[in-house]
Amino acid sequence: MKAMRDVYMVAGGVSKFDKARHDVTFQAMVKEAFDYACHDRFLKRPIRVEDIDGSVASYFSDHFMRQLKAGAMVQDYLGLCPKPSHRVEGGGATGGLAFQEGWKAIASGYMDACVVYGWETMSHVETWKGNEFIALASDVSFDYPVGGFYTGYYAMMVVRHMKEFGTTAEQLAHVSVKNYRNAFHNPYAQKHEKLTIQDVRNSPMVAWPLTRRDICVMSDGAAVAVLCDEKAARTFTDRPVRITGIGRGTDAMRMADRPHEKVILLPWEDEKDYKHLKYPGVHSFRAGRAASKQAYEMAGIADARKDLDFIELHDAYSSSELQTYEDMGLCQYGEGGRWLQAGNPFMPRVEYGLDLPRKGTLPVNPSGGLIACGHPVGATGLMQAVFALWQLQERIGDHFGDTTLQVRSPQRGAIHSHAGTGTYVTVSILERAW
Amino acid sequence: MAMLPDKLEETISGTTVFNVSMPKDLSALADMTPLVIKFPYSINYLHSYAQDSPFFAGLANGRLLATRSSDRKSPKDPSRNYVYATPRGHCMYTGSKTDWVELPKRGRVHTFTVCYFGSEAFLPECPFVLALIEWEQADTLLLTRLMGVDPQKPSLDWVGMDVEARFRRNSQLNPTDVYFVPAGRRP
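Residue numbers (this note's numbering), protein chains in the order written: chain D, 1 to 434; chain R, 1001 to 1187.
Misleading hints may appear alongside valid ones.
Think about it this way: if two alpha-carbon atoms lie no more than 16 Å apart in a straight line, the pair counts; the simulated EDC-like pairs of lysine to aspartate or glutamate are [said to hold, decoys possible]:
no., chain 1, residue 1, chain 2, residue 2
1, D, K359, D, E431
2, D, K163, R, D1157
3, D, K129, R, E1136
4, D, K19, R, E1010
5, R, K1073, D, E126
6, D, K278, R, E1010
7, R, K1073, R, E1136
8, R, K1076, R, E1010
9, R, K1097, R, D1071
10, D, K278, R, D1077
11, R, K1076, D, D257
12, D, K83, D, D53
13, R, K1076, D, E261
14, R, K1038, D, D53
15, D, K16, D, E32
16, D, K129, R, E1010
17, D, K83, D, E50
18, D, K129, R, D1157
To give an idea of the chain R side of the interface with chain D (calculated C-beta under 7 Å), a few residues [to be verified]:
no., residue
19, N1044
20, Y1116
21, L1130
22, L1142
23, L1143
To spell it out: a stretch of chain R is covered by chain D in this simulated footprint if at least three of its residues, at any positions, have a beta carbon under 8 Å from a beta carbon of chain D; those stretches are [what the hints assert, rightly or not]:
no., stretch
24, 1019 to 1033
25, 1121 to 1128
26, 1162 to 1171
Just so you know, these hints were derived from the structure itself, not from any lab. Predicted model only: the values in this text are computed from it and were never measured. All residues carry an ideal CB built from backbone N, CA and C; glycine is no exception.
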């Protein structure tokens, strides 16, 4: 797979994520992120509505707001009518998919500048009703009526991971400690708390072994990414970021249906390593592996362990972050717990109160991820793109007012968006292009 | 006795208000933000199990039905074809129509969790145990409830446990018409 022409990201914006944004409608919340992106003070000149050829709308649920065609309402609020637009929905991966739809619009020559806007307002119903809506993203004949609850589904997946590979609940808690501590330096994050392993393990058990602190929270929030062709990109910024690879994968909706066969290998892996592993079963995300493989191939990544400087990935659960290390090939299948505990995905300059002999070799979720930033579903995948842009532009300090989370001179990063117990997964590769 | 939590639970029950006051000075209008209203929403759906109906009819009669591919071998037992423990009308690999077969009552826990919280619809049933069941005779799993275990003492040792199917006497035509208990218990 090859792009017909190069695609760049030039600007991004993120609204404040909060449990409830009763102060703004969803359109006005998207406008916050849109205005921030278009008036990014480091742009050579502001992006105007007339510079934009069209848009992609990214939001997940029609149930949360009881408003159909909400995308049209954002399009008119932003003043983008009658330009082309369409809505993208793909569960938790909605943002990642929408980002790639924007990429396609530019890569194909259909547009020279495309704004991808995403949001979710999850505060209109109570948490447990929200969980019910989310659980409708499981088979309503066979899965939902048995006790539809996403945390329960992910808990079953990680229990199998624990049994298969010896992963421990304490290892999972390392993800939460890392992401919460990182988010402490990110003003956009919903949570600003310093947690210990004990805090995570002692918080209320939701679905064994996952506690409340192993799980992201529901949020209201919006995020915007502006994508351009090369000519437009050079007009707006001297620090454009090129999107050099996109990948997507899928898997069966019902976890019960997933195969128990052979691992899809990445170029730096050997079939011998997985002689006895039945794959993906319910312990791994085949869609995440397929998406990574495609994106790496397109971006010419020979070994993700060396060629990536940071990753923003979909940590709806501490467990799914750990499982995703393996899908993305950062370590072998089964090694996620040990790779994590050694410190590899931690930030080099953040103090965690943990003994981390290999601290910071490949930072994962420097922003704090979904666990601490919040997970307004349709915005999340785009929030990752914005934070990745600012990392590559070395502007984290300017946008966050704190340089702690700036990765040193990053050349290349990956973003990863994930839906429905691994039914849709996207991976996109972003690179410094100046 | 456990300590009381240090805050009262937040709920969206409360007082009904029919009017709001208006500031005399219109420059103060923004202070009226936000007004939050509440309304109910309920629907009855007519959901057909369609080609999957025999599975539910089977449960109502104490039988556990699965489907078998007509043209793909099982990777774990090449002497038989691929069996979907959760039925599918068509084979995921070859696209051909599947045949109905019966599964044994006895299987093993492939994985499980205990839900101490849940979706609103299931909150009254917490804690409950979700499990995926595996069979030698099948290539995929079945999501179910596991009964007859202590939800306060979950253990990785439950994975691999022999379990057997039980059926509700009064069928609800739901997948919970079947559930599993540790094998060898007296009914």
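We went through each hint and held it up to the structure:
Distance restraint check for D/K359 and D/E431: the Cα-Cα separation of roughly 23 Å exceeds the 16 Å cut-off, and the hinted pair is therefore not satisfied. Distance hint between D/K163 and R/D1157 is fulfilled; the C-alpha atoms sit about 9 Å from each other, no more than 16 Å. Between D/K129 and R/E1136 the CA atoms are separated by roughly 38 Å; this puts the pair beyond 16 Å, and the hint is violated. Note on D/K19 and R/E1010: the hinted pairing holds, with a Cα-Cα distance of about 13 Å set against a maximum of 16 Å.
For the given pair, R/K1073 sits about 47 Å from D/E126 by alpha-carbon distance, which is inconsistent with the 16 Å threshold. Proposed proximity of D/K278 and R/E1010 is contradicted: the alpha carbons are some 45 Å apart, above 16 Å. Between R/K1073 and R/E1136 the alpha-carbon distance is near 14 Å, which keeps this suggested pair within the 16 Å criterion. Restraint check for R/K1076 and R/E1010: not satisfied, since their Cα atoms lie roughly 52 Å apart, outside the 16 Å limit.
Restraint check for R/K1097 and R/D1071: the C-alpha separation of about 9 Å stays at or below 16 Å, so the hint holds. The straight-line distance between the Cα atoms of D/K278 and R/D1077 is roughly 14 Å, inside the 16 Å bound, and the hint therefore holds. Note on R/K1076 and D/D257: the hinted pairing holds, with a Cα-Cα distance of about 15 Å set against a maximum of 16 Å. The hinted pair formed by D/K83 and D/D53 meets the criterion: a straight-line CA distance of about 6 Å does not exceed 16 Å.
A threshold of 16 Å between alpha carbons decides the hint, and for R/K1076 with D/E261 the separation of about 9 Å falls inside it, so the pair holds. In summary, the hint linking R/K1038 to D/D53 is not supported, as the alpha carbons are separated by about 39 Å, beyond the 16 Å threshold. At roughly 9 Å between alpha-carbon atoms, D/K16 and D/E32 fall within 16 Å of each other, so this suggested pair holds. Distance check on the hinted pair: D/K129 and R/E1010 sit about 14 Å apart at the alpha-carbon level, within 16 Å; holds.
As the CA atoms of D/K83 and D/E50 are separated by approximately 10 Å, the hinted pair is consistent with the 16 Å bound. With a C-alpha separation of about 33 Å, the suggested pair D/K129 and R/D1157 falls outside the 16 Å cut-off, and the hint is violated. The beta carbon of R/N1044 comes no nearer than 14 Å to any beta carbon in chain D, farther than 7 Å, and the hint placing it at the interface is violated. This hint holds: R/Y1116 has a C-beta 5 Å from the nearest C-beta of chain D, less than the 7 Å allowed.
For R/L1130, the shortest C-beta to C-beta distance to chain D is roughly 5 Å, which falls under 7 Å, so the interface hint holds. For R/L1142, the shortest C-beta to C-beta distance to chain D is roughly 6 Å, which falls under 7 Å, so the interface hint holds. Contact between R/L1143 and chain D, as hinted, is supported at the beta carbon level, the nearest pair being about 5 Å apart and thus within 7 Å. Residue count for the stretch 1019 to 1033 of chain R with a Cβ under 8 Å from a Cβ of chain D: 1. That is fewer than the three needed, and the coverage hint is violated.
With 5 residues carrying a beta carbon less than 8 Å from a beta carbon of chain D, the stretch 1121 to 1128 of chain R meets the three-residue requirement, and the given coverage holds. With 0 residues having a beta carbon nearer than 8 Å to a beta carbon of chain D, the stretch 1162 to 1171 of chain R misses the requirement of three or more and the stated coverage is violated.
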